[in-house]
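In case you want the letters, here they are:
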Amino acid sequence: MEEIPWGRRRVADMSTSADTASRRRLPRLSGQAGYVLAVLFVSAALMPLSRFVSPSLGSWSTVSTILVVASMLTLIGFGQGLVILVGELDLSVPSTISLAGVLTTAWLGEAFSLVSFLEILVIAAVIGLLNGVVITLLRVPSFIVTLGSQLIIAGVALGYTKGTVAGTTPAFLDQVMSGRWLGIPIPIYLLVAMAVVGTVIQSHTSFGRRLYAVGSNRATAHVAGVRVRAVVIGAFVVSSVCAALTGMLLVGYGGGATLGMGDAYFLSSIAVVVVGGSSILGGRGTYLGTVAAAIFLTTISTLIQSLGISQGWQTFIYGFLIVAVVAALNKEVYGRAAAALRRPTRSREPGRPAPQPSGALR
Amino acid sequence: MSAVRRALSHGSVLAFLILVVMYVVYMYSSIDVLTLGNATDLLNNAAPLVIAATGLTLVIVSGGFDLSIGGVVVLANVILATHSGSTTGSGLVAVAVALLAGMLVGAINGVLIAYLRVQSIAATLGTFIMCSGVALVVMPSPGGSVPDFISPGLNSTLGGRLPVALLVIAGCVLTWIAIKRSRFGVYIFALGSDERSAVQSGIRTANVKFRVYLFAGLLYALSGVMLTAQTASGDPNGSALFMVLVFAAVAIGGSRFGGGHGSALGSIIGAGVLVVLQKMLFALGVSTFYTGIVQGAVLVLAVLIGLVSLSFAPSGDDLEQPPSTRGSNDGGDPVGTTTGGGHVHER
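Here the protein sequences come in this chain order: A and B. Going by our numbering, 55 is the number at position 57 of the first sequence; the sequence numbering is gapless. Here our numbering runs 54 ahead of the position in the second sequence, where the first position is 1.
Mixed in with the good hints, there may be bad ones.
Facing chain A, a subset of chain B residues (Cβ under 7 Å, in silico) [as the list claims (entries may be wrong)]:
| id | residue |
| --- | --- |
| 1 | 170 |
| 2 | 344 |
| 3 | 347 |
It should be emphasised that the hints constitute simulated quantities derived from the structure, not laboratory data. No residue lacks a Cβ here, since even glycine has one placed at the ideal position from N, Cα and C.
Sequences are here, hints too, so could you generate the full structure?
The following block contains the structure:
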């Protein structure tokens, strides 16, 4: 059970490299911590350096804006990250954000109503529950189920509003997103709190360990007594609730709701997890990586925007970064590149079998 | 009885039955369904979906996954809308450029996935976003126009009788049959069933994968051309729903996400189901607000039906592999775990 968080191995691989697993454990862990630090360092370096691009950048106000925007990406990345950790995907995130946003303005109104607030979260939890139940009990691929529920939820939001969003932004959400405490915007506290709470949940609770176990190898997790279906359903519930909370924060940030307000998170919720160093196949990754990636991606997009280049090139660079990071994190790429240059590969791990064709190393 | 079970075990047969039932409902709900004009209209709506679904089926059968459809379709669309001029000659050049762009994206996918071994979901997610960006650069806002031979040309009939779209769909059917009978087709199925065994059988899997993505890219671009024939203009933003429909068509057609089993014929019928569904709902007077809800429900139901139809399969059929070979395939490809995980591990 111990080696599960650092990499899923195929059954065939396990038999040949039981001892390499233990040898690899420590370097893998420090490798991931190093990656997180590197991403954070690059982001931190980019912020002051961006002053050279435009004098208005790099100021404290720009940095705090970046962190405020990143806080929402951090939240959505937590839910999506848990789902990816168990080896599934949640594509219903964007329409859940939009539905929650629409309901927030329609139901919460000016004053804060705890009942309505909880109602929206319960609706989100039910969405996640249905996603999870259909995926685990009826064994339909998560990609299909959540694509279908994305269409359904978007249809519900459209049908409910009849095309025009009603209501007002609740005052407390406005205060949360634009308020300050000790001179620092409140969302930045949220980001830090989220990073701590998320890391504790993902890496230091029994639920988190179960997520890694399920994502690493379901058969093994099952044999070890993990209730695989319950864990997967749990991940989807958390994902939908995170999406709903993000929708609420977006209402406070943008001062209103639109039917397409979640669309931007369709791809970026997955991108932030992948760039954060998690394996899209599940079983590997840390939440701190996702937090670092949220800050990194927001910094990059702010920087690109200020370069004055068109929306198209911004999108292109964003996509290119995802491919580049995923390729860079893929250790086999180096092996292949080295082989292509006809240089002998370094023998870091003497006992390690040659790279397998189906991509065991990620 | 066993013949019935065997027939139902093919997802495409079940999808075909659904299509027939829905077409009958549609026929009774609207008056002039059986006219040539109406049939042409239906085929025109189905053609882009059919072509893209054929391409996606190849990728799915090979055990991969492709999110770049949306990007390539939009890229082809904006290239035609901005650069096709007004004459047939300039239009043909633009079509050629669009198809080359599709192949280029397919080649990038292929290199990333086959040779650099990036997971197919992550790689094609990236190329999808990159294509959307390039599409915005080519055409920042919706508009543009295309020469007559594209629209209405590709939407009309030859000699007043034969819809061009029907020829295109027939072309897809023939292409699939040709591929399936070729050595390449055998390799694709072998790759999707069990990559390790394919390698050990001497198949150059990287090369096969590369060609699959290359060809799929070409088909997506062709799909974009047929889509442009319908809209007669360009829109750099509208692709997400189309991509969802393509995946839905493949799912309804009974192809297994995870590889090794599937048929473009099923996907083509699946595309027909989706288009007839839209027409039927419109004819029945269902508000367009709720079309998305129905499409989403059909998508999930279709996959359920596909899984039910798999359960009709007689034991010992080639659909059911021993768990061990599935497990090893599962470890190496993204789809087996992210989309078919529960199916594989919990049986």
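How the hints compare with the structure:
1. 170: holds, 5 Å
2. 344: holds, 6 Å
3. 347: holds, 3 Å
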